[in-house]
Amino acid sequence: MSMCLTINTASAILITKNFIITMIITIKKIIVVVVVVVVVVVVVLVGGVVVGVVVVGVVVVVVVVVVVVVLQQQQQR
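Everything in the sequence shown is counted per the numbering used here, starting at 1410 for the first residue and increasing by one.
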């Protein structure tokens, strides 16, 4: 009788232990996924800002160059 109870307790402890380990692994996986998603979002946002700044910079440079060229041509005439 007591032997049976001990086996049940042991198996219950094992099941609980396995469940906890599985939960920890699952939580770790979820954390990894969340971290990856956050990193990707941050990279995309920062990348978007950088690309936006670069595009604006290029546009400004092009506009300045065009204005300078047009002004020089007008002065030459």
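Since the hints were made in silico from the structure, they are not lab data. Keep in mind that a hint or two might mislead.
In silico SDA-like cross-links for lysine to any residue, where the CA-CA straight-line distance does not exceed 20 Å [stated by the list, open to error]:
hint: 1; residue 1: K1438; residue 2: I1422
hint: 2; residue 1: K1437; residue 2: T1425
hint: 3; residue 1: K1437; residue 2: N1427
hint: 4; residue 1: K1437; residue 2: V1448
hint: 5; residue 1: K1437; residue 2: G1456
hint: 6; residue 1: K1437; residue 2: V1447
hint: 7; residue 1: K1426; residue 2: I1436
hint: 8; residue 1: K1438; residue 2: V1450
hint: 9; residue 1: K1438; residue 2: N1427
hint: 10; residue 1: K1426; residue 2: K1437
hint: 11; residue 1: K1426; residue 2: V1443
Against the structure, the hints:
1. For the proposed pair K1438 and I1422, the alpha carbon gap of about 24 Å is over 20 Å, so the pair is violated.
2. With a C-alpha separation of about 18 Å, the suggested pair K1437 and T1425 falls inside the 20 Å cut-off, and the hint holds.
3. The hinted pair formed by K1437 and N1427 meets the criterion: a straight-line CA distance of about 15 Å does not exceed 20 Å.
4. Among the hinted pairs, K1437 with V1448 is consistent with the structure: their alpha-carbon atoms are about 16 Å apart, no more than 20 Å.
5. This hinted pair does not check out: K1437 and G1456 have alpha carbons roughly 28 Å apart, beyond 20 Å.
6. Note on K1437 and V1447: the hinted pairing holds, with a Cα-Cα distance of about 15 Å set against a maximum of 20 Å.
7. The hinted pair formed by K1426 and I1436 meets the criterion: a straight-line CA distance of about 15 Å does not exceed 20 Å.
8. Taking the CA atoms of K1438 and V1450, the gap is about 18 Å. The hint holds against a cut of 20 Å.
9. Of the supplied pair hints, the one linking K1438 and N1427 holds, its CA atoms being roughly 16 Å apart against a limit of 20 Å.
10. For a cut-off of 20 Å, the pair hint linking K1426 to K1437 stands: about 16 Å separates their Cα positions.
11. Restraint check: the Cα-Cα separation between K1426 and V1443 comes to about 25 Å, which exceeds 20 Å; the hinted pair is violated.
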